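Q: The listed protein sequences derive, respectively, from chains A, B, C and D. In terms of the working numbering, the first sequence is numbered consecutively and its last residue is 336. In terms of the working numbering, the second sequence is numbered consecutively and its last residue is 336. In terms of the working numbering, the third sequence is numbered consecutively and its last residue is 330. In terms of the working numbering, the fourth sequence is numbered consecutively and its last residue is 330.
Please keep in mind that the hints were generated in silico from the structure rather than gathered at the bench. Just so it is clear, the structure is predicted and the values come from calculations on it, not from any experiment. Beta carbons are placed, not taken as given, at the ideal position from N, Cα and C, and that holds for glycine. It cannot be assumed that every hint is accurate.
What the hints assert, rightly or not - With beta-carbon atoms standing in for the labels, derived distance ranges:
#1 Lys41(B) x Thr142(D): 43 to 53 angstroms
#2 Gly235(D) x Asp22(A): 54 to 64 angstroms
#3 Gly58(A) x Thr65(C): 52 to 62 angstroms
To be verified - Taking lysine to aspartate or glutamate and the EDC-like style, the derived pairs with C-alpha atoms no more than 16 angstroms apart in a straight line are:
#4 Lys41(B) x Asp113(D)
#5 Lys41(A) x Glu264(C)
#6 Lys41(B) x Asp13(D)
#7 Lys312(C) x Glu40(C)
#8 Lys50(A) x Glu16(A)
#9 Lys50(A) x Glu252(C)
#10 Lys50(A) x Asp9(A)
#11 Lys117(B) x Asp266(C)
#12 Lys312(D) x Glu40(D)
#13 Lys41(A) x Asp255(C)
#14 Lys55(B) x Glu2(B)
#15 Lys55(A) x Glu2(A)
#16 Lys41(A) x Glu54(A)
#17 Lys117(B) x Asp172(B)
#18 Lys117(A) x Asp113(D)
#19 Lys41(B) x Asp255(D)
#20 Lys55(B) x Glu16(B)
#21 Lys312(D) x Glu35(D)
#22 Lys41(A) x Asp263(C)
#23 Lys41(B) x Asp22(B)
#24 Lys117(A) x Glu54(A)
#25 Lys50(B) x Glu2(B)
#26 Lys312(C) x Glu64(C)
#27 Lys55(A) x Glu16(A)
#28 Lys50(B) x Asp255(D)
#29 Lys50(B) x Asp22(B)
Unchecked claim - Not everything, but these chain C residues come out facing chain D in the computed CB check (under 7 angstroms):
#30 Arg12
#31 Asn156
#32 Gly158
#33 Ala161
#34 Gly206
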Amino acid sequence: MERTLSYLDAIAEALEQEMRRDPSVIVFGEDNIGGMGCEGKLGNAWGPTKGLHEKFPGRVLDAPITESAFVGAAVGAAATGLRPVVDLLFVDFVGVCFDQVLNQAAKLRYMVGGRAKVPAVLRAMWGTGMRRGAQHSQSLFSLFAHVPGLKVVAPSSAADAKGLMISAIRDDDPVMFMEHKLLYFSRGAVPEDPYAIPLGVARTEREGGDCTIVAIGRMVHEAVAAANILAEDGIECAVIDPRTLSPFDAETVYESVERTGHLVVVDESPRQCGMASDIAALVAENRFRALRNHPTTVTGPHAPVPFSPTLEDAYPPNADRIVAAVRSTVAAKDRV
Amino acid sequence: MERTLSYLDAIAEALEQEMRRDPSVIVFGEDNIGGMGCEGKLGNAWGPTKGLHEKFPGRVLDAPITESAFVGAAVGAAATGLRPVVDLLFVDFVGVCFDQVLNQAAKLRYMVGGRAKVPAVLRAMWGTGMRRGAQHSQSLFSLFAHVPGLKVVAPSSAADAKGLMISAIRDDDPVMFMEHKLLYFSRGAVPEDPYAIPLGVARTEREGGDCTIVAIGRMVHEAVAAANILAEDGIECAVIDPRTLSPFDAETVYESVERTGHLVVVDESPRQCGMASDIAALVAENRFRALRNHPTTVTGPHAPVPFSPTLEDAYPPNADRIVAAVRSTVAAKDRV
Amino acid sequence: MATTSAVTQLGRDRLLDAYRTMRTIRQFEERVHTEFATGEIPGAVHLYAGQEAVAAGVCAALNETDYIASTHRGHGHAIAKGCDVTAMMLEIYGKAGGLCGGKGGSMHIADFDLGMLGANGVAAGGAPLVCGAALSAKMRGTDQVAVAFVGDGGANQGAFAESLNLAAVWELPCVFVVEDNGYAQATGTSYHLRGLNVASRARAYGMPAEVVDGYDFFDVLDAANEAVIAARQGGGPALIECKAMRFFGHMEGMDGQAYRAADEVDRLRADHDCLDNFARDVLGAGALTADEIAEIDGSVAALVDEAVRVAKAAPAPELSELLTDVYVSY
Amino acid sequence: MATTSAVTQLGRDRLLDAYRTMRTIRQFEERVHTEFATGEIPGAVHLYAGQEAVAAGVCAALNETDYIASTHRGHGHAIAKGCDVTAMMLEIYGKAGGLCGGKGGSMHIADFDLGMLGANGVAAGGAPLVCGAALSAKMRGTDQVAVAFVGDGGANQGAFAESLNLAAVWELPCVFVVEDNGYAQATGTSYHLRGLNVASRARAYGMPAEVVDGYDFFDVLDAANEAVIAARQGGGPALIECKAMRFFGHMEGMDGQAYRAADEVDRLRADHDCLDNFARDVLGAGALTADEIAEIDGSVAALVDEAVRVAKAAPAPELSELLTDVYVSY
Ligand SMILES: Cc1ncc(C[n+]2csc(CCOP(=O)(O)OP(=O)(O)O)c2C)c(N)n1
Ligand SMILES: Cc1ncc(C[n+]2csc(CCOP(=O)(O)OP(=O)(O)O)c2C)c(N)n1
Ligand SMILES: [Mg+2]
Ligand SMILES: [Mg+2]
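Chain A extracted, bound-state conformation (with noise of 0.2 angstroms):
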C-alpha cells in the first residue's frame, strides 16, 4: 500500500532530504528551532521544520523577528553559496520585508548582469480559513507574480508540495514556496524517495471535455468537488492546477481550452490584478477563438479577509459557486 503524509510532514521530508543530499542547505525562520534563549527544552517549532534541528545541528537557525535582515540575508547567502529555506510563517508578514523580495532577490541578478544568482527559498503560508483575520490570511502570490525575477510555487497536495520544494531548493533562482495552511494536514500518497517536480508545469487533476476549471492551492479541491457534482448532471470538467504561478504554464490551459471551450478560473484571493484574472486574460488573448463564451473569473471579494468564521467562510469561492459558473458558461451556445 502506498505511504501517506500530511501536505506539512511532506514538506518537512523533502527539507530533510535535500538538506542530506545538499550541505549548502540550510533553513532559517522564527522559531525553526524553537526554544533558543529558554531554561526549557528545545524543539518548540510547529510547522516542517520541527525536529530538523536534532537532524541537523548548526543548520538550523531561529532568527529575532527580524524580516528584512533575514530575508534579505538569504539573499546574501544564497549570492555566496548557500541555499537558504527561509520561513516567513503567514505570508501577510512580507509587508514588513518587502524590499528584501521585491528589489534585492528578485533584482539582484539582472542588476549585476548575470554575474549573480540567488538560489533562496521563502516558505510562507497563506490563504483564509484559519480564522486569524485580515493581516494573517490573504494569498499574495499575484503580488509576487508580478514581480520579474521571482518564481512562485503553490502546491495543492503533500505530493506535490514534496516534489515542488525538492525542485524550489535545486533551483537556482528565488522561489516564493506558498503553503496553504488549510492543506497541512491534509493526507495523500507521497514517495519516500526524493523526486523533482518541474517548476512551471501544470497538473491536469482531472480530464474533461466541456469545461476547463483552472484553480489555485485549496481551491483545486473544492474544484474537483465541483467537477463530481457537475459530472453527475454529464458536464466533464478538465481541472487543471498549474502548481506554479511564476512561471505559468499556459500551454496546458490552452490545450485544455481548445478541447472545451470553457474557461473557469477559481482563486479565494481578490480579483484585481490577480492570477484568475491574467490566466483569464492569456486565455482571451492567445485563445479567442477556441472559446465558445466569455472567461469566467470565480474570486474572493474586492475586500479584506474578515475574523468572524461566518464572514470569513464566505470569503473564499467553493463548490457551489464554481458549479454556478460552470453551468452558466457552458449553457451559452456556440458564438454567433
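Chains B, C and D with the ligands: place on chain A using the hints.
A: Below, chains B, C and D with the ligands without anything else, positioned relative to chain A:
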C-alpha cells in the same frame, strides 16, 4: 489664453490650495522642506513640496529615512483627524514600508468594523525612462490595485494631476497617488481655481470607432501618437485614460468596446498580474460578445528595468508597438 | 514593594479603579482560556494574564482622550483603556455587536472613541501608528499623548526602531512601552535581545528610558506618569521597559510551553502575581479593605460571566458585512 | 595625525597601495563630475570624493575573498575592493563591457569575483545582504568577513537596525561601517540623528562600536583591523562610525547644495582632505617620497583618462540583453 502649468507645478498647486482650504492637511517626507539640521538655507526640496513650508510653517515636515515609521504615522495621523499627504519619493521604496500600506492603511477601517477611516495620500514617483535602474523605475500600481482598501490614482496630464490630487486629499480612504516621473515637466492648461476630478472616472482622450486603446500614465501620450498615425490610414482609435486604477471605471471602457469591437491595453509595467492584463480580462469576461478579436495587451517585458539608456528605451511600449497591435487586431474579420 | 505613602497618596477611588482594572483583565483572560478550551472561541488568542500591572499602570497615567496602540496580546490594554468587556468578548467570539462588528477578532480589538487604536497582528505594528496619533495631537494643538505597546520580540522590528527615531526627531508626545515578558513565541530574550534591555536602544535614539518591575502597579504608574507628563508638556517621547512574564502560553491552543522551566508558571503565579502584590500593598497601607477587594472580585466575576453569556448567545454578523467597511466610498 | 611608527610599520607596499587607491577614487570621482556636466553620463551618480580614506582604510583590512556591500555612493568602495576602473566607467556610461553589462549603472556596480556584492539603490540595502554573506562564510567554515557600508541617513532604516540585531544574535563575522558625511540628501545629521552617534545604537544591540576620523586613513585602518580580525576569529560583529563629509553634492546634476554653509566645501578641501593628510603623514614619516606620490598621481590620471576614453567609445549593450539575466532558467 489658458494658463499652462507643468505636471509637477499642478500637483504643487493642488497641495497648496488644499492646505489653505483645510488646516488638517499636512505634508511630510524626506526633504519635503530640505535643509533641516544644516548650516545653509532651507527649501532644498525639488519636487511639488518645494517652498510649501514657507507658506505653511509647521505643516510641512522633513522625515528621516524611516518610511515604515512615517508612512505608518500617516495612517495613525489620518485615523486621528489629519489628512496627511506623504511623499515616498520613488514608488520602489514602498518595499521598505509595505506593511504600512498593505496591512495597516488598507485594512484598518475594515478590521475595526468601520469605526475608523484613513484619509491619507501617499505620493510616489513611478515609471521608466529616468535612467535610474531596476530599483528606481518600477510602476507597481498593479500591486496596489490588488489590495482591497487602497485607491490608486495615476494621472497622465497636468490638469488631471491637479484635479485628482485635490480629490485624493479630500477622499476619506487611503490613496496611492502615482506621479509619472517623466511627466513632471510636461505642460498643459490647468485652471487656477481648485477643482476636483472624481476618483474612478476615466477620461476619453480621443474618440474613435475602430479600436479602443486603454493606456496608463505616460503611455496615454504614446497611445495618442499611435492613434494619430493610424488616423492617417483611416483607422480611428478611441484612447481612454482610466486616471484611477482602483476603483476602475470599466463602464467607459465597455461602452467604447461595444462600439469598436477591438481592445488594445497599454501599460509599461510587466503583464503578469498587471493592470493591462486585468483590463483585458474584465472586457473579455464582461463584453465578450462585443469583441470582434482577442483583446491585446502591450506591456513592458517580464524583466526588471535596465539602466543602460539603450536597453531602458526598449522596455516600455511605444507608439510603433501600439500601432502594430491595433493594425493586427482590426485586420481580423468579424468572428466566423 | 510600594511604600505606604506611595499607595495612600493615590487616593481610594484610583486604587479601587486600578484593582478593578487588573482583576477584570485577569478574570477576562482566565475565562477566555477556559472557554477557548471548549473550542467555541475561534482564531488566535494571546492572553495577557500576568502582565496586568503594565496595562493598568500605564493607562492609569492617561486621560480618556489619550491614545494607545496595542499588540496581538491586546485584551489587557483594551480593558485598561476602558473598552466594554462584553463588546470585547463578542468580538473575540466573532459575533454581531462586537467592538469591531466581529470583523477584527482578538488581534484587532479597537475602540477609537476611547483612543484605543487597536490591537495589531503585525509585531510592533502599533509604534508607527502611535507616532501618527502623537503627530496629530501636536498638529491639532491638543495635549493628548499617545502610547505604543510592544513586546520584547516586536522591539526587534525595524519599524519599531524607526519609530523611536521619528518620535525623537519630531519630538512627538508619545511613550513607547516595551513589555518584556521573556519570550517571543518560544524564543527567549537572552537569545533574541542577547539579554540586553531595549531601554538602551531608546537612549541611543535620544530619548529617556526606564526599566521597571512589570509586576508592580505602582512602579509602572510612577514611570508612566513621568513619561506621560513630560510628553504632554512638550518634552518629547520616552520609553518604559516593563518586565513581567505571561502566565499562559504564547497563544491559546497550540503552545505546550516546553521551552519554559517546568515550574516556571507556578512560581510566577505564587511569587509574581501583580494582583497579589497590589493587594498586599494596599491592605498593608490600610488604603483599601479586604471586603472592598472581595466586592470587586465578585462584581468582576459577574461582569465576565455576563459577557461570556451574551457572547455565546449572540448571532453572527450579517453576511452583508463581508463587503462593508472596505472603503468609506468606492 | 598618525604617528611615524604607525605609518612606517605598515610598510612601503601597503602605503603605496593605500595612496593609489585613494588617489584613484578621487581622480575617478573628479572626472565623473566633469564628464557628467557634459551630459554624456546617464542617470543618478553619487560621488564619493572626500570620503576616500574610509573605503581605502576599511578595504585595506580585508582580503580579496572577503565581502563588502555598498551603498548608492559606491564608486569608492568598488575601487577600494579592487574593481576594474575601466569596467566601472563603462558601467556608469551604461555601455557593453561594463561590470554589470550596463544593466546596473552607478547604483548597482558589483563584482562578485572580488567579493563586491554591489552598490545598492535602497538605503541600507547592503546590511541584510552582508548578514547573509557573513552567515555563508560561517556556515562554509571559511574565515571570510563581510563588511556593510551605510550612510548616516541609511542608518535610520529599520533594515539596518534589524541587521545589527541579527548579526549580534547570530554572532556573524561582519562589520558595519557607518559613513557619517553629515547629510542625508539635504537633511543634516543634527536633525535626523539628533546629533547623536550611530555607534551607541550598535552597542545597545550588543556589539562593540568605535567612532573614527574618516579623513584619516590610519585611524580608519586601525579600527577596521581590530573589528575585522575579531570577526575573523569568531568574535562576532562590530560597528565603525567614520566621520567624513562629501566634497560634491548629494547627486550629480541636481543638488545646488544651498543647505551647506557657503564656504563649507572650500574648507573641507583645504583642511580635511584625506589625501593631503595621508601625504603629510607618509612624507613626514619619510615612508614615501614626493616622487613616488607624484608617480602615482600621474599613472592614476592616465588610468582614468583611458577609462573615460574607452567608455565613451564603447558600444551600447545588445538589445537582446534586455531580456537576459532575469532568471537562471524560466
Ligand atoms: C512582523 C511579524 N513577524 C512575525 C509575527 C508572528 N508573531 C506573532 S506574535 C510573535 C511573538 C511576539 O513576541 P513579543 O513581541 O515579545 O510579544 P509577546 O507575544 O511576548 O507578547 C510573533 C513572532 C508577527 N505577528 N509579525
Ligand atoms: C529606503 C530609501 N529611502 C529613500 C531613498 C532615497 N535616497 C537616496 S540617497 C538618500 C540619502 C542617503 O543618505 P546617507 O545614507 O547619509 O548616504 P549619503 O548619500 O550621505 O552617502 C536618500 C534619502 C533610498 N534610496 N532608499
Ligand atoms: Mg514577549
Ligand atoms: Mg550621509
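Q: Please name the hints from earlier in the document that this structure breaks, with their numbers sorted from lowest to highest.
A: 2, 4, 6, 9, 11, 14, 15, 23, 24, 25, 26, 29, 30
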